[in-house]
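With the hints as a guide, bring the two chains together.
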Amino acid sequence: MSESAILPALPGAASPGVWTLAWRRFCRDRLGLACLVVVVIYGAVMAACAAGWIVRDWSEEVAVTFAPPSFLGPEAPRGAPAAAAATAPQGALEDYGIPDPLADDLAEIAQELSGVSASETRAVTLAFGADKWGRDVLKKAVKGTETSLFVGLVAAALAAFLGTLFGALAGYQGGWLDDLFNWLYSVLTSIPYLLLVLAVAAVVNQKGVLTVILILGLTGWTGIFRLIRAEYMKHKVREYVLAADAIGASAARRMFVHILPNVSHVVLVQLSLHVVLFIKSEVILTFLGFGVGVDTVSWGSMLAEAQSELILGKWWQITAATVAMAVLVSAFSLLTDALRDALDPRLK
Amino acid sequence: MLGYVVRRLWQFVPTLLGVVLLVFFLFNFVGGDPAYLLAGKISNPAQIENIRRQLGVDQPYAIQLWIFVKQIASGDFGASWSTNERVSEIFATRLGPSLTVLVPLLAIGTLLAMAAAMLVAYLRGSLTDRAIMVGCTVAQSISILVYILVFQYVLAYQLGWFPVQGWGITFAENLLRYSVLAIIVGVAVSLAPDIRLYRSFFLDEINQDYVRTARAKGLSERRVLWVHVLRNAAIPIVTNILLQLPGLLAGAFLIERFFGIPGIGREVILAVERSDFPVIKAVTVYVAVATMIVNLAADLLYKAIDPRVQLK
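Residue numbers (the numbering used here), protein chains in the order written: chain A, 39 to 386; chain B, 21 to 332.
Here chain B stands alone, though its shape is the one from the complex (with noise of 0.2 Å):
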């Protein structure tokens, strides 16, 4: 277990480069001096110069890429060009708002969809099952903009059941107040994928000599599935949940955009927005070292749920 764990971190090593050479490519190959990008309209060749010392890139691409090594290994990514926040400071504060509505988010969706699924698995192949299915194709081909403009624009802005955006300071007054309607939509857009997830994991196990067995031993309908089927359908369930999250911590961008939700996806894309290299960069190497973390996490988990599981 231990040396499994070992030899997962080791491996971990030659990923990373490959993510700090692309991102050190990326930014400084493809995308253009910094220092013209920062100076704007005001610039003469002196100050651009200034600009460019500032920032290293004077430098040769060796003493630049070891900087941005340093960079990433004493987590100090230096100051947001646009703001002068220290980056840092920024993942500090966002983080909170993100996860106010990503918890909940995340809770509520898994357990409707799970709901849903085995509700269509048990009625499999029936017409309800296909007018199921082909309705979540139809809700999954709705671009997730429109859902989150007819949502804002409906329930917030024609009904007034919600503040159309905002946020506010107490985490009482954020969770129950201005997260309720990015979390409906963040549900709402979720279900239909999530639910011909987990219907076929559902299926998978269904068609198991387990359940067969349960059955023959006279078990009602009702205790095979609560039971003996969703136990065992919940192990890729659990952690297909754990794999989506570090995507989700930045690809909630969009709702947080629109519902005036300070985190950290939010903050990506008004780093793109405004050309904010140190804030993408940092985010992109970031979320990268979570994603293979929870990679591994989402493993060992397997493993820990499902002895049957051969780590190697």
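The shape of chain A in the complex, shown without the other chains (with noise of 0.2 Å):
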């Protein structure tokens, strides 16, 4: 401490600047740091599906219908209530005493499909599980987190951007551009956020990655422009903006070459809020049927799986997707509050 105190005092050495010192800050937090480790092997899992370096055969199938995790072993009484089935309308048959006439060629053609499903190569047991269709679960939840974490990223990112954009405007520039956008505000936020996603998701009727992006982005950008409007409004008074204006700096260069620097610690933690925001509502988009399309896998996808399923006593694909979405989230959450203790002037 007494040396970073003493540093800027000597001649010649420069001062660390803001990021420098909230970095050391965010570096004392051993749970942010932590967080953040979290964060970037989620965001390299995203990168390296996207490239198409992992799980790109996530759509295989390669096990039997909900084959179990390893660790609980193969479905031992799988073939007893398939036998209890096909032995029931028999009995029911044989109480009006008269035989079945197809009950060998039944017998015969269980036989053969059972034959066939044990000739394939298809695994009894997978690491975590298998979905309805045999596919693995772990390959599912992968794929999944690419498809809600780019969402959550590219939503939040384009939100961050609009907001950023209208607050800057609306704050510093004041008059009718401050109106306008304080209307447009107002209007955005009567309507409960969710019902305005739904409304717009409603009239959009299409389906898939870019469309929900668009939905979430274009609906959630408000919470960043009050922020960002407010610190403009407090800024652009201040002395080094007046002084940029007096050597002739332009409205444009004012806003986003001296002021934005300034009040971009508040974007970047709205930012990462948004971007769990974004997840959460992506996933509950996606399960009820206006999200990311058929084809695509998230984990909304999953859940909206899983809930058939569950009933079935198979819990391992509502399970990965829980728990991957919540470490992340989670993971996320936690960082956001590192960061913002970090970044926060006040707290210096």
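Just so you know, these hints were derived from the structure itself, not from any lab. Nothing here was measured: the structure is a model prediction, and the numbers come from that model. Every residue gets a Cβ at the ideal spot worked out from N, C-alpha and C, and that includes glycine. It cannot be assumed that every hint is accurate.
What the hints assert, rightly or not - Where chain A lies over chain B, by a calculated footprint (3+ residues, C-beta under 8 Å):
1) 43 to 49
2) 249 to 262
To be verified - So, partial list: chain A residues that the calculated Cβ filter (under 8 Å) puts toward chain B:
3) L233
4) N243
5) G246
6) V247
Structure follows, in structure tokens:
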């Protein structure tokens, strides 16, 4: 501590910038650092998925239907219910005193069918089980990470871009621009967020990653706008901005070269806050069938499938999707808290 | 005071106009021709033309907008496209079930969250405080869908404590039998974010001068917390609940949908699934109006509870 306090006083030595200081504060927060590592790992997985390095074969049906996780072992009584189902109608028919004329044929077919499925090279168990079509749940969860995180990141980037741009214009320029954007803000915020998203989803009526990103990004910029606008109003009367004005910097230059770096910590915190919000929203939208298309897997579509699986006692898909999502979202939320603590100058 | 209310009501006009324009733009430009949606598979040009005339979408946009404004003013949005039920009728019959779930949910959730928040605010900075806060973050990061699915599966399907879903006829049956699990899930979901928020409200108050004074004059920590701090922290909490209300009315759609509660939220989801534009339009406009009125009410309430607040 004493060293860093002395350093700026030395002639010729540059004092550490605000980001260096924030980074030093951040490094002291162990929980925040751990969360950063988790988020970076998720980001790497997303990039590797997008590049096609891993889980390119997620949609291959490699195992039997609902193959259980390996640590449970193969499902022993799998044949039993099928056999019971096969004998049940026979029993019912015998009650009428008529022998089933097709019984032998059916038994033959059943045997043939079970023979076929056994002779195929489908795995009986997988590391974390299989879904209804025998696809690897683990690979689906990884692939779902790519979709959900990508949607969250890009939508949040879009919302942050719009919010910052509008906030800068409204806060710095004032006048009719301020009135216009404030009006837009009050209109959009008078409709509850999810209702607005659903209404837009209803009229757009088109599934896909891009649609979800646009819906979330175009409706979700209001919170960022409000904060950035207030920051710009605060900063535009400060001396460094007046000085920039005096040396002839243009309005755009003052807004985006001089002020923006000084409010960028607000944008960063809001950005990561919105990633979390949008990942959650994407999951709900996709679950309801308004999100990404059926050929894409996301955590929302996994949860939608898990809805019917759970009744059959197949808990692995919902667990995989929940854990994958909870770890990322928790890490992201805690990272946001750590970022805020590190970047908030008032805590200095 | 009266002048303030009138001025605020006057400010509703441009916002409401914006909501109307936004909804109109969404449903008449982005949404495409509703006649094609309605006619579905059995479409021939004459039929589509007929539907267009019935809906009034063959008119110029200005006249359509005027029709929409008249609908809002008169409260008559016509009939649902898919069930032909009057939209006003839908609202009247769905509001009851929604409130049957929401009012107990809010009451229980708020009390529990306040108690927990006061506890962690009392233990601020300790390991318990930090652990509960991290626990809240983790609990918040699990999708509401998982809460609903797991609670429904374990408590209703496996243990059979509650009906999986359904809705009865009498109020008592609905409240005590069918709403219980929905309320439990709702409370479980809202607890984590509420505790975090209320904790910050309590911490804001705990550092105030009047708390130091109360401690200095020898009051017990219990009395300081339960009387002095609680009363002041209750102000933002009450306002916060009030502000949540309109959003919850439509936002509880997941809970209503899973537990088969015939409320407003479920109606919104059904309408979105069936592209039932009149219902979505009506819900959006009315919820927006409700939000604005509740915002005003919250500000007035704030003034009533806390005389220091200046309304301008």
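Results of checking the hints against the structure:
1. 43 to 49: holds (count 3)
2. 249 to 262: Since 0 is below three, the answer is violated.
3. L233: holds, 4 Å
4. N243: holds, 7 Å
5. G246: violated, 15 Å
6. V247: violated, 19 Å
The structure shown violates the earlier hints numbered 2, 5 and 6.
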